[in-house]
Amino acid sequence: MPRKTPTSLVAPFFESRGWKPFTFQKQTWKAFSEGKSGLIHAPTGLGKTLAVWLAPLAESIAENNFKGCQVLWITPLRALALDTQKSLEEPLESLGLNIEVALRTGDSSSYQKSKLNKKIPYGLITTPESLSLFLTHENFRDNIAGLKMVVVDEWHELIGTKRGVQTELCLARLKSWFSGLRIWGLSATLGNTEQAKDILLGKLDEDAVIISGAAKKRIEIETLLPSEVDRFPWSGHIGTRLARKVITKLEVEETTLLFTNTRSQTEIWYQELMELKPEWHDELAMHHGSLDREERNLVEQRLREGKIRCVVCTSSLDLGVDFSPVSQVIQVGSPKGIARLMQRAGRSGHSPGGVSKLICVPSNAIELVEFAAARDSIKEKRIESKWPLLKPLDVLVQHVITICIGEPMVADDLKREIKSSYAYHGLTDEEWKWVLDFVMKGGKALSAYPNFRKVVELDGKLTIEDKKLVQIHRFNIGTITSHQMVSLISQSGRRYGSVEESFVSRLKKGSSFIFGGHRLEIVRLRQNKATVRKATKKSRGEIPIWAGGRMPLSTELSHAVAQRLQSGNSDTPEMKVMEPILKIQKEWSKVPTDKFLLLEQTNVRQDCHIFVYTFAGRSVNEGLGSLIAWRITQMHDYSIHVTMNDYGFSLTAKEWLPFEESDWRDLFSTEYLLKNLLACMNTAELARRQFRDIARVSGLVLQNLPRGRSTPKKDLMASSRLLYEVFERYDPDNLLMHQAKREILEGQLEMTRLESTMDTIQKKPFHFQKCPRLTPMAFPLWADRLQAHMHGEDAMTRLEKMLQTLEAAVD
Amino acid sequence: MRIVLNSVALDLLEDRAVFLPNESLLVLADVHLGKATGFQSSGINIPEGDNARDLNRIDRLIEKTNCQQVVIAGDFLHTPSGVSKELIDLVDLWIAHSGAKILLVAGNHDRRALGKKPDFKLEIVDRFESEALEIIHDPKDAGATKLTICGHVHPAVRINRLKLRSACFHVSANCVTLPAFGSFTGSQLVRPEPDDRIFVSTGKRIAEIPVDYVS
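So the protein lines, in turn, are chains L and H.
So in the working numbering, spot 299 of the first sequence is number 299, and the numbers just go up one at a time.
So in the working numbering, spot 199 of the second sequence is number 199, and the numbers just go up one at a time.
Calculated from the structure, these hints are not laboratory results.
All residues carry an ideal CB built from backbone N, CA and C; glycine is no exception.
Where hints are given, some of them may not hold.
Straight-line Cα separation of at most 20 Å, EDC-like style, residue types lysine to aspartate or glutamate; simulated pairs [to be verified]:
id, chain 1, residue 1, chain 2, residue 2
1, L, Lys801, H, Glu208
2, H, Lys204, L, Glu800
3, L, Lys249, L, Glu275
4, L, Lys391, L, Asp459
5, L, Lys4, L, Glu15
6, H, Lys163, L, Asp205
7, L, Lys583, L, Asp571
8, H, Lys146, H, Glu23
9, L, Lys36, L, Glu206
10, L, Lys801, H, Glu14
11, H, Lys163, L, Glu800
12, L, Lys801, H, Asp212
13, L, Lys118, L, Asp83
14, L, Lys67, L, Asp83
15, H, Lys163, L, Glu755
16, L, Lys441, H, Glu86
17, L, Lys576, L, Asp376
18, L, Lys26, L, Glu59
19, H, Lys204, L, Glu807
What the simulated footprint calls covered on chain L by chain H, stretch by stretch (three residues with Cβ under 8 Å from a Cβ of chain H suffice, anywhere in the stretch; the number is not a length) [what the hints assert, rightly or not]:
id, stretch
20, 134–142
21, 727–737
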């Protein structure tokens, strides 16, 4: 009898639905049956899940073997796990299979957890953190002895993050256990799909395949246009003046997702819609990451049942979950990136072959251009790349301990395994030795840490003997750092969600704030619990600002915007609206593009302003602006304020500022770049903040402690700030300190992008323009100037100055 | 900076201590020696140089003020696992060589840390009392009449307009709460009442901050 093809083996499922498998699904099954690993990229909702899941099922059917755990499914969001479980269970019945798919996430009950530590069913859905945790159990290897396949879902979300690196390390472990293991990633389309595959699979896997989702999903983009252009703001990012037009869009469609860029904007837009349409009270909902989990589940449930007209949400609804009834998506404010906009658009028409409808709502003029530019880029398939994160030593420290707990290992074997991952393929012997010293001796600087013990060598193998330490480590596996959050609970015990401690502590007694659409006031605050009640006063109330910086515009999108401005075509509705604004820009100055560097000088009252348009994205402009301001202050002794946005930066001084080409060529020089940047950015302060994450991942700061320990929790708590200072005093060459500085330079200041921006600027012609008034391009930078003061002095000097003023006032 | 409370002169010192010139008394609180050591025995590798550093800082204050006695207002030690042999030796040597009499008013951390090891050459009392004042660990045990100096709280304030957080001396009625002395200690924001007084170090001097400037 000829062997049955995978397609014929899973055919009953497709027949029961009246579907036909897509070509890419058949390709996947074939590649899998040939023993290959791979990456599937396609927009959401195109059947990627079925493509990978049916592959091992077909093989098991052919072998008639369903014993033990054969498929591990890694998902980045535990909120998605439940939905994934449902979709994996869907085809089982029609295929006549009686197998189980279990869930193991941080949310699982302790009964479920201990059950899975003993026996794991055919399929297991888990998160990178929970998978690491499994690796600390010595029987895990035997429990998954028949493993065929590991699936990494939403791989694009993990690339470039520490959680992604943690996943890479776990995969390296699994690969060294099971030589024939097939690894498959599911990803949205990226600019560097080939590299995304390599990052997932580690060492070059010649046979691995990339499979592209077949059906192309059409995206229709429409921008809501302001009716009175001359009164449309040139800057700002919360404007709700198009809210009435949004209402008319909500009226005609069944279900809309309205995406905003921040949680605060979500609250503001929800308020605004409720005020305009009180009769929609039961059909409007809100969804953001700070709301209580149950509240969010409820919203998701109602959304699935088609009972909601509109959900105002943040990126909390960006991923995974299939909400088929969504008929349109609205994006409020800057799209920030092309991939992100496509992802959001993909939430509507969420079925194979459907059309995604996207309505864009600009909050200021330049966003009109951004939307037009995003449409161009989507058409031309210019999508952002996701870059890998290399050698974060804090993650390695954590992983080495994880491994030593689960299965004692010879150091060299462990090194070989770790170097087989993409993130650590360039790990040097010195770095490896440092990591070993760190976990065995406590550190390199002080040879005598008599009380330190963690990893020890027994019979040539690294292991951990102290059960107490094992338990502490298990409680702290993971790379997510949680902010100090305060949960909001009503007097009757209803949980609203949580806000940052810093917001609550700033609230004055009796003042109200808006949360989850409710106007609340605090009754009392005890540790991390705030008892709240509905505010009685009719005040508008403050809106919490959640931490998490503003996301910069992607390089690809800023480039597309520059091209849009350069072409000068008014061939789209957005650009037509922009025409009069760009005309003013052209009359007073020039329209900036990335073909030349435009510098404008305008004096407003006593202040001299210089505006420089780089199109380099917010964080590069932050670094660039500070660097240039610092370089000027080195020659002339006065203070300069720096403001930046995605398009450029501005310098403001009471005195004269250089405005000659020769000066500015020098100011943009890349010579001594690193040294100058370190000097001007107060990197010490930034690094101290960054160290928080590193300290948590490497186990220096414990986020959780097991209950019932004799040592009080507080005895083992220290702020990362304190730790940073101690290391600075006694162990300044600690590689984790270097990592903090590097993460600041690369992560926050985007050093690489900054350097290449400066290089390109040097190759461009400069255009200097004195303007009598603020131009449309300059205005947003000017209006923002009060938000971002750069202090030339340290805090203590400022304190001293404040005191002098105070004392002078008393005299 | 000198302030007078209940007719007692107090010199607030920049390095987080207070000197009483009339009594020739140096008072400081919350050193938390052995904190890093305690972390180490739980597998958290933090350098422990601060033990020696902080004892040195006390020596310098003794030299500077030329005081006869040092009273530590509690929490000299941090945790039982931090009281290593090395630490006991270090402290004993320090006591033998310091130019002043050292007295410890036991704090909550000391009681736990000292539990089984009473063999320090350190004189330990529950409270220090003289005609003019009392020194205790926890401000909630303060009597009503005398000047009280205490620790325990690790007070700090945030100066709103500078977005600056700083450890502080907190004076409330006739009670002075000292900032934590130890280098490896955290702090806790206090909310002063309108009649309270707050003093911080600017790095050059001690200065009073109006209470409506802090949150």
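Hint check results:
At roughly 13 Å between alpha-carbon atoms, L:Lys801 and H:Glu208 fall within 20 Å of each other, so this suggested pair holds. A C-alpha spacing of about 9 Å is found between H:Lys204 and L:Glu800, which places the hinted pair at or below 20 Å, so the restraint holds. Restraint check for L:Lys249 and L:Glu275: the C-alpha separation of about 16 Å stays at or below 20 Å, so the hint holds. For the proposed pair L:Lys391 and L:Asp459, the alpha carbon gap of about 29 Å is over 20 Å, so the pair is violated.
Proposed proximity of L:Lys4 and L:Glu15 is supported: the alpha carbons are some 17 Å apart, at most 20 Å. For the given pair, H:Lys163 sits about 52 Å from L:Asp205 by alpha-carbon distance, which is inconsistent with the 20 Å threshold. For a cut-off of 20 Å, the pair hint linking L:Lys583 to L:Asp571 stands: about 15 Å separates their Cα positions. Only pairs whose Cα atoms come within 20 Å are accepted, and H:Lys146 paired with H:Glu23 is accepted, the gap being roughly 15 Å.
For the proposed pair L:Lys36 and L:Glu206, the alpha carbon gap of about 10 Å is at most 20 Å, so the pair holds. Taken as a hint, the L:Lys801 and H:Glu14 pair is honoured in the structure, with Cα atoms around 18 Å apart against an allowance of 20 Å. For the hint linking H:Lys163 to L:Glu800, the alpha-carbon distance of about 14 Å falls within 20 Å, and the restraint holds. Distance restraint check for L:Lys801 and H:Asp212: the Cα-Cα separation of roughly 17 Å lies within the 20 Å cut-off, and the hinted pair is therefore satisfied.
With a C-alpha separation of about 25 Å, the suggested pairing of L:Lys118 with L:Asp83 is violated against the 20 Å cut-off. For the proposed pair L:Lys67 and L:Asp83, the alpha carbon gap of about 24 Å is over 20 Å, so the pair is violated. About 32 Å separates the Cα atoms of H:Lys163 and L:Glu755, which puts this hinted pair outside 20 Å; it is violated. The suggested pairing of L:Lys441 with H:Glu86 holds, with an alpha-carbon distance near 17 Å, which does not exceed 20 Å.
For a cut-off of 20 Å, the pair hint linking L:Lys576 to L:Asp376 stands: about 16 Å separates their Cα positions. Under the criterion of a C-alpha separation no larger than 20 Å, the hint pairing L:Lys26 with L:Glu59 is consistent with the structure, at around 13 Å. Proposed proximity of H:Lys204 and L:Glu807 is supported: the alpha carbons are some 16 Å apart, at most 20 Å. Residues of the stretch 134–142 of chain L lying with their CB closer than 8 Å to a CB of chain H number 0, which falls below the three-residue condition for coverage.
As drawn, the stretch 727–737 of chain L meets chain H at 4 residues by the rule of a beta-carbon pair under 8 Å; at three or more, the given contact holds.
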